[in-house]
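So the sequences go chain by chain: R and G. Under UniProt numbering, the letters of the first sequence match residues 1 to 101, in that order. Under UniProt numbering, the letters of the second sequence match residues 1 to 101, in that order.
Because the hints were derived from the structure by calculation, they are not lab data. Please note that the accuracy of each hint is not assured.
Treat identical chains as interchangeable: a pair holds within one or across any two.
[Unchecked claim] The list that follows gives simulated cross-link-like pairs (lysine to aspartate or glutamate, DMTMM-like), each with its CA atoms no further than 25 angstroms apart:
1) K87 / E73
2) K87 / E56
3) K49 / D24
4) K58 / D3
5) K49 / D3
6) K46 / D66
7) K95 / D62
8) K13 / E73
9) K59 / E93
10) K95 / D55
11) K95 / D3
12) K49 / D20
13) K39 / D3
14) K35 / E21
15) K46 / E5
16) K49 / D66
17) K49 / D22
18) K31 / E93
All values reported here derive from a predicted model rather than from experimental measurement.
Number of protein chains: 2
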Amino acid sequence: MTDLENCMESLIKIFHCYADEDKDKTTLSKKELTKLIEKELPTFLKTQKNPKVVDEIKKDLDQNGDDKVDFQEFLSLVTGLSIACEKCFMLLEQKKGKKCC
Amino acid sequence: MTDLENCMESLIKIFHCYADEDKDKTTLSKKELTKLIEKELPTFLKTQKNPKVVDEIKKDLDQNGDDKVDFQEFLSLVTGLSIACEKCFMLLEQKKGKKCC
């Protein structure tokens, strides 16, 4: 598989690693989403000064307001963080040739 | 780094591996996007019966119509393909316990 194919497979596996913990394997419950964020995004959480950041992410992600986060909503989180990270990457590349992510 | 952090880093690296080929390092030109799709998504291309699929993807991705694909537009492709792939994964999991991706 190519790097991009591996990456898409990883996204599916990561989502289901947490979504499969309760009966509803198609979505992340609030508990599952909290665990995913804490386990998979420790670097991001360390940089956040707002202690309510996880609650705010959960609220933002649940676009259809059903208290569950499906795979598409999970990808919105990945997209948002990747865009922020890429901007940082570009800035540092321009300045020092270093990578931030 | 965690699996999800590695995945976000890979997405940035893959995009810039192709976007950095010409002077404009912030976007993929039509030529760079074609190369990315052909090199990174061979499995997807093999399954497509429509020979114009690459042209159609390029047209769909360029949401602001400037003939270039930025990182956010590239992530739309990844999101769309990942969602399709995850649906297939779920169907096969239900039927046979096998994975498609």
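Hints versus structure:
| no. | hint | verdict |
| --- | --- | --- |
| 1 | K87 / E73 | both (22 angstroms within a copy, 14 angstroms between copies) |
| 2 | K87 / E56 | within (22 angstroms within a copy, 28 angstroms between copies) |
| 3 | K49 / D24 | neither (33 angstroms within a copy, 35 angstroms between copies) |
| 4 | K58 / D3 | between (29 angstroms within a copy, 20 angstroms between copies) |
| 5 | K49 / D3 | between (33 angstroms within a copy, 24 angstroms between copies) |
| 6 | K46 / D66 | neither (28 angstroms within a copy, 38 angstroms between copies) |
| 7 | K95 / D62 | neither (37 angstroms within a copy, 29 angstroms between copies) |
| 8 | K13 / E73 | both (15 angstroms within a copy, 23 angstroms between copies) |
| 9 | K59 / E93 | neither (33 angstroms within a copy, 29 angstroms between copies) |
| 10 | K95 / D55 | neither (34 angstroms within a copy, 36 angstroms between copies) |
| 11 | K95 / D3 | neither (27 angstroms within a copy, 28 angstroms between copies) |
| 12 | K49 / D20 | neither (31 angstroms within a copy, 34 angstroms between copies) |
| 13 | K39 / D3 | both (23 angstroms within a copy, 10 angstroms between copies) |
| 14 | K35 / E21 | within (11 angstroms within a copy, 39 angstroms between copies) |
| 15 | K46 / E5 | between (29 angstroms within a copy, 13 angstroms between copies) |
| 16 | K49 / D66 | neither (28 angstroms within a copy, 38 angstroms between copies) |
| 17 | K49 / D22 | neither (31 angstroms within a copy, 39 angstroms between copies) |
| 18 | K31 / E93 | between (37 angstroms within a copy, 23 angstroms between copies) |
Checked against the numbered hints above, the structure breaks hints 3, 6, 7, 9, 10, 11, 12, 16 and 17 and satisfies the rest.
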